[in-house]
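*Asks:* Dock chains R and P against the given chain E, drawing on the hints supplied.
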Amino acid sequence: MLKKNPLYAIFLVLSLVAAACSGSSSEVAEGTSESDTDGTTEGSETNEQVDFDGTIKVGAALSETGKFSVEGADSRRGYDTWAQWVNTNGGIEVGDKVYDVEIIYYDDESDADTAANLTTKLIDQDKVDFLLGPYSSGLTVGASAIAEKNNVLMIEGNGTANSMFERGFKNLFLVATIASDYTKSGIEELAAGGAKTAVIAYEDTAFPTAVADGAQEHLEANGIEVLAVEKYPKDIQDVSAIMTKFRGLEPDIFVGGGHYNDAVLFVNSAKELGWDPDGMLITVGPSNPKLAEELGEDLNGVTGPTQWEATMAYEGDYFGSAAQYAEYFQEQHGQPPVYQAASATASGLALQIAIEEAGALDTDSVRTALLEMDAQTFYGPINFDERGVNTAKPMGTVQVIDGEIPVVAPEAAKIRDLEYPIAN
Amino acid sequence: MNLISFLNSPAAKKLGWALCGLAVAGMAILPMTHFGSNAELFTLTLMLTSIGVAINWNITGGFTGYVDFGHAVWFGLGAYVTSMLMAISIKLDPVTLEETVEADGLGTAWGPVPAIIVGALFTGLCAAGIGRATMRLKGPYFSIAMLGTLVAVREIVRVAEPITGGGVGLNLPPYINRPLFYYIHLVLVVVLGVFTWWLRKSQFGTNLIAIREDEIGAEMRGINTIATKVAAFSFSGFSTAVFGGLWAYQNTSVDPDIAFIETRTIDAVLGTLFGGIGTVLGPILGSAGLFWLKEVLWARFTESHLIFQGVLLILLVMYMPKGIAGLFDTRGTSLATIWSKWMPSKDESPDASPTPKSGSGKPVVDTVATSNEGAV
Amino acid sequence: MDQFLQALINGVALGGMYAILVLGFSVIWGVMGVINFAHGEFVMLGAYMAWLANNQLGVDPFLSAPFIFVLMMGIGYLLQLLLVNRVIDRPHLVSLLVMFGVSIIMANGLKLIFSADFRRADSSLRGAYDLTDNITLPVTKTAVFFIALAVLGGLSLFLQSTRLGKSIRAAAQNREAAQIVGININKVYAITFALCIGITGLAGALISPILSIAPFQGPPLTLRAFAVTAMAGLGSVKGALGGAIVLGLIEATVAVYVSGIGTNLAIIASFVILVVALVVRPQGLFGGLRPVDATAS
Chain E
196 MLKKNPLYAI
206 FLVLSLVAAA
216 CSGSSSEVAE
226 GTSESDTDGT
236 TEGSETNEQV
246 DFDGTIKVGA
256 ALSETGKFSV
266 EGADSRRGYD
276 TWAQWVNTNG
286 GIEVGDKVYD
296 VEIIYYDDES
306 DADTAANLTT
316 KLIDQDKVDF
326 LLGPYSSGLT
336 VGASAIAEKN
346 NVLMIEGNGT
356 ANSMFERGFK
366 NLFLVATIAS
376 DYTKSGIEEL
386 AAGGAKTAVI
396 AYEDTAFPTA
406 VADGAQEHLE
416 ANGIEVLAVE
426 KYPKDIQDVS
436 AIMTKFRGLE
446 PDIFVGGGHY
456 NDAVLFVNSA
466 KELGWDPDGM
476 LITVGPSNPK
486 LAEELGEDLN
496 GVTGPTQWEA
506 TMAYEGDYFG
516 SAAQYAEYFQ
526 EQHGQPPVYQ
536 AASATASGLA
546 LQIAIEEAGA
556 LDTDSVRTAL
566 LEMDAQTFYG
576 PINFDERGVN
586 TAKPMGTVQV
596 IDGEIPVVAP
606 EAAKIRDLEY
616 PIAN
Chain R
3 MNLISFLNSP
13 AAKKLGWALC
23 GLAVAGMAIL
33 PMTHFGSNAE
43 LFTLTLMLTS
53 IGVAINWNIT
63 GGFTGYVDFG
73 HAVWFGLGAY
83 VTSMLMAISI
93 KLDPVTLEET
103 VEADGLGTAW
113 GPVPAIIVGA
123 LFTGLCAAGI
133 GRATMRLKGP
143 YFSIAMLGTL
153 VAVREIVRVA
163 EPITGGGVGL
173 NLPPYINRPL
183 FYYIHLVLVV
193 VLGVFTWWLR
203 KSQFGTNLIA
213 IREDEIGAEM
223 RGINTIATKV
233 AAFSFSGFST
243 AVFGGLWAYQ
253 NTSVDPDIAF
263 IETRTIDAVL
273 GTLFGGIGTV
283 LGPILGSAGL
293 FWLKEVLWAR
303 FTESHLIFQG
313 VLLILLVMYM
323 PKGIAGLFDT
333 RGTSLATIWS
343 KWMPSKDESP
353 DASPTPKSGS
363 GKPVVDTVAT
373 SNEGAV
Chain P
102 MDQFLQALIN
112 GVALGGMYAI
122 LVLGFSVIWG
132 VMGVINFAHG
142 EFVMLGAYMA
152 WLANNQLGVD
162 PFLSAPFIFV
172 LMMGIGYLLQ
182 LLLVNRVIDR
192 PHLVSLLVMF
202 GVSIIMANGL
212 KLIFSADFRR
222 ADSSLRGAYD
232 LTDNITLPVT
242 KTAVFFIALA
252 VLGGLSLFLQ
262 STRLGKSIRA
272 AAQNREAAQI
282 VGININKVYA
292 ITFALCIGIT
302 GLAGALISPI
312 LSIAPFQGPP
322 LTLRAFAVTA
332 MAGLGSVKGA
342 LGGAIVLGLI
352 EATVAVYVSG
362 IGTNLAIIAS
372 FVILVVALVV
382 RPQGLFGGLR
392 PVDATAS
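Top line first, the protein sequences correspond to chains E, R and P. FYI, in my numbering the residues of the first sequence are 196 to 619. FYI, in my numbering the residues of the second sequence are 3 to 378. FYI, in my numbering the residues of the third sequence are 102 to 398.
Hints in this document: simulated from the structure, not taken from any laboratory. The structure presented is a predicted model; accordingly, all values stated were derived computationally and were not measured. Do not rely on the hints blindly, as some may be mistaken.
[What the hints assert, rightly or not] If we take Cβ atoms under 8 Å as the criterion, some of the chain P residues that face chain R in the derived model are:
#1 Ile136
#2 Leu194
#3 Leu198
#4 Val199
#5 Phe201
#6 Ile205
#7 Ile206
#8 Asn209
#9 Leu324
#10 Ala328
#11 Ile362
#12 Ile368
#13 Phe372
#14 Leu379
All C-beta atoms, glycine included, are put in the ideal place defined by N, C-alpha and C.
With the rest of the complex left out, here is chain E:
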């Protein structure tokens, strides 16, 4: 009888064994080669200057492939910039010893399961001392749960959804501004300009929801009436229905959030309905020069939040000013830093400051130092609250004006006044 055919069993054994082996061998191979290259490039330059007493191992799962591959690469450049700077500027002082830094990267394929798996691997197999975050809230949720359970600190700057900080985690720290405060400075500036009514549309996923909930609060706090709130599912192809409804309400400003793609849809749809609200605040997109390139003059006057711009007037002991950081980054990578990269560098920097302050490498001491931190950096002030969120740094707001993208808010960082209402 074929049903008891032992070939089955042979295949089963082979495939299971193969799966087990490949799981270990291929990944390990990748891991070591990655860390080797990182180690050697950084080591060769550093050894001439300082003899380090040891190496602090930091791990990060980042998206090299999949839908976040672009932002993942930006984040990696940011982390590399930090490691490079540390290793060529005397290392990290821990008590009376000096350490250099090695970052071990894996590709999480923009997949949550993989990011969680790799985080486990970084902790178990690579025995990293600290973790830096992956790109996006969706990937950070799972990875941070593993860091929490293993009592390893994870510092991140590119996963800002509020829900992650409502889990009582003690080991997750965010240097960037949290999602609910993305629109704060922009709305304050628009309110000062005279806006009285607003409508909100947002994508129904974790990050945009947090941004929109925050926007609603900030609008009301600034005396702006919210006439309607609409949410829409991911991968939407057409927003003309939402915009038709909004046009009928005649609000002063439109607040919209989701992905880069949604910014295109909103601006297009408003144009084809002949609707010109006095102000448009769009969460993701306006700060990215590519959007202005794609949309041209249609984007004129649209405002949007930014975590960081090189023109901001921030300064710190490490890297110097924001502009100097941008220059250093440009030297390293041949391109200017986007804010995702700056946030990544700042994550590493916060870790460094905390380690030096603590004078130790154990999780508890460094955590205490992080919670007590009150530092000025190129990225802005860093001061974590009890959730692990940096509440000291305000979100910047940019406005697209004649192809330029100047910062228009907050007061401390702006280089130009907000144009409101948009002249059309």
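*Replies:* Relative to the frame of chain E, chains R and P by itself:
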């Protein structure tokens, strides 16, 4: 031929069973060896999940002949109901630093065991209801109706915000114990594998195959085809939901887009096809093999590995329609055979199967499937 | 009232766009029995071509569309010759899975070539045309709508009146009989496939100023093609228009009248209608080229 005849000898059979046992035993002691780091166990747990889903898909897709393109809906429902029963959120008071734990979702904050069981039972009921309606459809129409069901259910979950957390989803109490999850999955997959082996031999399983081969004929022979196929579909949904619930717990959070992700269906279909559709071991071998292939491709060709996967799929479908098991097991089937049943005008499959052939003089012969047949 | 009329205009315009987007999918399925899972990727390929012409040479997508139509016809013909022809005689799921493989290859190939960034082509036909104070006509979509009507009408005429068109219809209805009366079935299939991929690429070029272009934007379009085709009946030209307008109207009106979650509800509604339509009236609402009864065994 010699190899095949050797493999059919009693001694080889005993050897085969011993190897089967050895494989399971090997996987059972793995956590105690140096390969058994948490990361490896997590990888293997994910592999076991995809095997489990594929085995369940094969019960409807392979045995009964209803090719479900929305199978991920049962995984997602299981994950969601489990999460809705377990969900909590922790708020930290900014002044006193006191933690308050609030129950989310349905507000029950149950433990994992009752939550996963209730989640799976609920999903089984849903599968029975939806199956009763959609299983009236045949061939590609059933497949598309299930694809539509997947999208519709995902959006309904998104809209039912008060209990599902909407697009943001829900957080579960994080409990991460890789060896435990690994053993649970291993036991589940072994039990499910033995169960399908028994199912295949049972009268019920024979009835399923009868439905696949000729539904009207089965009806005429006194099989209650509707009850039989809906029961199989419902079980498949129930059992998939168990894996979904476990996945949610182990992932510590759910949202509609990852719980109802289409690739879960695709992996189940591909894995089963690769291993041999309609066989007991096909989905197990195929999913394990595919998982292993992906790991290899992923490590070697990060940028282009998905392209290779696409090429592999095309080659597989065109040149190995009966999968690995099909090379030596004639009782398996191929998707071609299954769907040919519903295409009376032009698609009678010349595939090796006991399909009643209609008399049209078809000029084209499915040479690949036929040559496979010849090799056995 | 104004808002209702505006929603109606939006819905019909959107419907016209969907009609040309799904036409190729529907006809390939209806005539050849091939379920083109890579449909959305072919749309994207056409859109990328239009974007490239727009970005590099400054050509308006509406002007490059005819050239893209011809180019995509060539690609379709080659694909039919190299791949589809080998599985055309096997059951539908085989060709479906092969096309699914093609979609994976195309999406990732597009990503390798153009990166995952979102693109949009620029057209001089854009903005709004004011009908009254509160009602506007979306210029780009209206243009697409009329081009869609012309293409649908042209295809309909081609199928009804030309010898080749009649052969295609005959092949769709009864392959064996068509062969017996001397129709070269392979040629018919090759022309059908080339024509449909051409139309799909043309649709991609036309939507390139409206939707964002990205490698992984294909599957939602394929899903819509499924919904429209299942509602409308396989290969039915007027069904494609009818089904697409129904879908467009649902999407455009539900969101206007239900606050907060209207957009989600519209999607639920269209897929619930898809499932219910299949279960209740599996031959489609408008009748099709191919005589299929999904519940008959």
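*Asks:* The structure should be examined with respect to each hint, and the outcome stated for every one.
*Replies:* Now the hints, each set against the structure:
| no. | hint | result |
| --- | --- | --- |
| 1 | Ile136 | 6 Å, holds |
| 2 | Leu194 | 4 Å, holds |
| 3 | Leu198 | 4 Å, holds |
| 4 | Val199 | 5 Å, holds |
| 5 | Phe201 | 7 Å, holds |
| 6 | Ile205 | 3 Å, holds |
| 7 | Ile206 | 4 Å, holds |
| 8 | Asn209 | 4 Å, holds |
| 9 | Leu324 | 7 Å, holds |
| 10 | Ala328 | 7 Å, holds |
| 11 | Ile362 | 5 Å, holds |
| 12 | Ile368 | 5 Å, holds |
| 13 | Phe372 | 4 Å, holds |
| 14 | Leu379 | 5 Å, holds |
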